[in-house]
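Residues per chain are reported as follows:
2 protein chains.
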Amino acid sequence: MKMRTSLQSVTAWIDDAFHALDSKAISLELAAGRSLAADVAAQVSIPPVDCAAVDGFAVCAADSIGAGAYNPLDLAAITIAAGEPMPPATDAVVPLDQAETDPCGRIALVEAVAAGANVERCGSVAAAGMLLVAAGCLLAARHIGLLAAAGLNRVAVVRRPRIRLVIAGRARSGEPLDSNGPMLRASIERDGGLVEETELGQAFAGSADLVLIAGGTGTGAGDCSAAALAGTGSLEIHGVALVQGETAGCGHTRGGTPVLLLPGAPVACLVTYELFAGRAIRRLGGRDPELPYCRRRVTLMRKIVSPIGLTDICAVRRRGAGQIEPLPGYTEIGLMAAAAGGGFVIVPADSEGWPAGSAVDAYFYDRG
Amino acid sequence: MKMRTSLQSVTAWIDDAFHALDSKAISLELAAGRSLAADVAAQVSIPPVDCAAVDGFAVCAADSIGAGAYNPLDLAAITIAAGEPMPPATDAVVPLDQAETDPCGRIALVEAVAAGANVERCGSVAAAGMLLVAAGCLLAARHIGLLAAAGLNRVAVVRRPRIRLVIAGRARSGEPLDSNGPMLRASIERDGGLVEETELGQAFAGSADLVLIAGGTGTGAGDCSAAALAGTGSLEIHGVALVQGETAGCGHTRGGTPVLLLPGAPVACLVTYELFAGRAIRRLGGRDPELPYCRRRVTLMRKIVSPIGLTDICAVRRRGAGQIEPLPGYTEIGLMAAAAGGGFVIVPADSEGWPAGSAVDAYFYDRG
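Sequence lines, in order, name chains Z and X. Position 42, counted from 1, in the first sequence is what our numbering calls 42; the numbers after and before it change by one each time, with no gaps. Position 2, counted from 1, in the second sequence is what our numbering calls 2; the numbers after and before it change by one each time, with no gaps.
There could be a bad hint or two in this list.
Since the list can't tell identical chains apart, any single copy or any two copies may satisfy a pair.
What the hints assert, rightly or not - Keeping only pairs whose Cα atoms sit at most 25 Å apart, straight-line, the calculated SDA-like set for lysine to any residue is: (1) K24 <-> R190; (2) K24 <-> E189; (3) K303 <-> G201; (4) K303 <-> D74; (5) K303 <-> C104; (6) K24 <-> E290; (7) K24 <-> D178; (8) K303 <-> G329; (9) K24 <-> A340; (10) K303 <-> S124; (11) K24 <-> R154.
Calculated directly from the structure, the hints in this document are not laboratory data.
From just these sequences and the hints, can you work out the full model?
This is the structure:
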């Protein structure tokens, strides 16, 4: 572990090891937040026929030629509601507030209407065969609505990744507190993974899309995770040039399942989850692999000092518009820096930090 | 409905009618995505005692004074793992790779260590009584981790809003397709609400935090929603100066439950959900009421024309960095505009649109 692998190399390892899983047809009702597995095209035109766009009276526009305030025309008309198919031999809708019917279903028209007026044309939303939603789209309510309008009630989405999680480290601080378990389960859930928990002894057998081991990654007497992986599979990276994750590692089980080792110190566990495990899980689920935060170019109001040779994550908080200041580091105040901050910056390994006034890219937790 | 209420007035009505619900204690394991109901302070210091920050040997720093390459000092030392409490009469940790123990548990030290070196001090993450997470925080994995480290396993969060949903409109286009139901259920779920579905006849009785009625809001023969509300409760707003939601409405049941009426046309249903119902549900759940999208100042590459007197939502797509172009309008291509676009702009009622080159605020669906 004396040779530390760069963040870039670990990221490349992850991008090589993790790809979108196979697909599964599920009910459209359950598809929000899932990644669409294949393009969906319109089977039929939407709408399938010409429809009224407003409530009113369906008429034949040609019959209205010559209508005027001094020449009201008496026209055959059919009461129609917005969304209903246009009746045969009609091609325009006179809005409800612009005419009244007599008991015989005729209206007096004081203005000519154009053919197609207030009609939603067949295929105007999408012609048959047109791409509705592309593969890889993370389905939101607007896509669900469009697909439902297209007549779909099932849709093929990328299967949810199954994550075998092992909390392997000793409890911190001599207390029986496991903060990594709840934190990782919430993180995996956010990224669309399904958690199956087990012990280190069972970690490398059976099926899963990723084995995630938190803790016991160091070289101390009680640290067994890296040795366990090396013993039953392959430990391919151990030691990362990252201040908050120097003991992280990667490898494969004998059966070929990728394994990620996250340090047990809570902050290092969080940071390496975000940078490594989250990326892996998002890739498996067919999602955008990048950090799920808002990236913005902002001005740093106080300097950040960072060790050369190691990538460093620094918690920041917003000040004025487009301005941030660093918080006391993760090393000093642990998870408090993550919880109290509005986001973070990533200081590359070849940088000693930045002076006040620098323009830097920050990741913000909120949509800001 | 001839007098249309401004978007601002509807928003003010919503802000007046909807407030954060009462709180409920739940397991920390289930708290991700929920709004914290009250400030949480540290009950004890974190960590509760001085701990080793790295794997190594716990020593008394004073014993190391005078150690040097030409004067190695033989010291009593206790092997310790990162996170373990410091043993009595020790105050520094010599990292594992800087010394070796002999069988008697002593190490040879070639450099003096400072008191506190590689020790995580009691209370360094948070002193007892310090605010850990503030009320109103939307709990993410990093907060869950911090609260777990503080020894909490339950936490008080704002109760999830119960939404009584009625799909009241006729099926569109003469087809038995309900696209509003799946779309609204996905939207309500995203905003943290719980859906209970019912018929219009049962909409105004029983308990709920919001009654949401989609469809039947117009003035046509088959439009019953507004009349039903006016008949059994109060219809306080009906008709909004919004291109994609002219028939929206607001009111209360006789029992005092707020009611929102969304138009049945799919695009109008989506837009009024986003602007009105989503805001109401986010307020009930103690979330940020603003649109859950990334707002950015961008340059418009083609003009947008919009009717004066009505707020207008225009779908847009990204072009170069910081540039957008408008898509064909919601009026022309319906939900397709929402599904195909990367976001939207809101053209105020007093604007006729903007020329190409204008700097405008756009809402983007992705974190971009």
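For each hint, the structure was consulted:
1. K24 <-> R190: Both ways: K24 and R190 sit 20 Å apart in one copy and 22 Å across, limit 25 Å.
2. K24 <-> E189: both (19 Å within a copy, 22 Å between copies)
3. K303 <-> G201: This pair counts as neither: shortest intra-copy Cα distance 46 Å, inter-copy 64 Å.
4. K303 <-> D74: neither (80 Å within a copy, 42 Å between copies)
5. K303 <-> C104: neither (82 Å within a copy, 47 Å between copies)
6. K24 <-> E290: Classified as within; 24 Å inside a copy, 34 Å across copies.
7. K24 <-> D178: between (35 Å within a copy, 23 Å between copies)
8. K303 <-> G329: within (13 Å within a copy, 47 Å between copies)
9. K24 <-> A340: For K24 and A340, the Cα distance is within 25 Å only across copies (23 Å; inside one copy 39 Å).
10. K303 <-> S124: The answer is between: 22 Å across copies meets 25 Å, while 56 Å in one copy does not.
11. K24 <-> R154: within (10 Å within a copy, 36 Å between copies)
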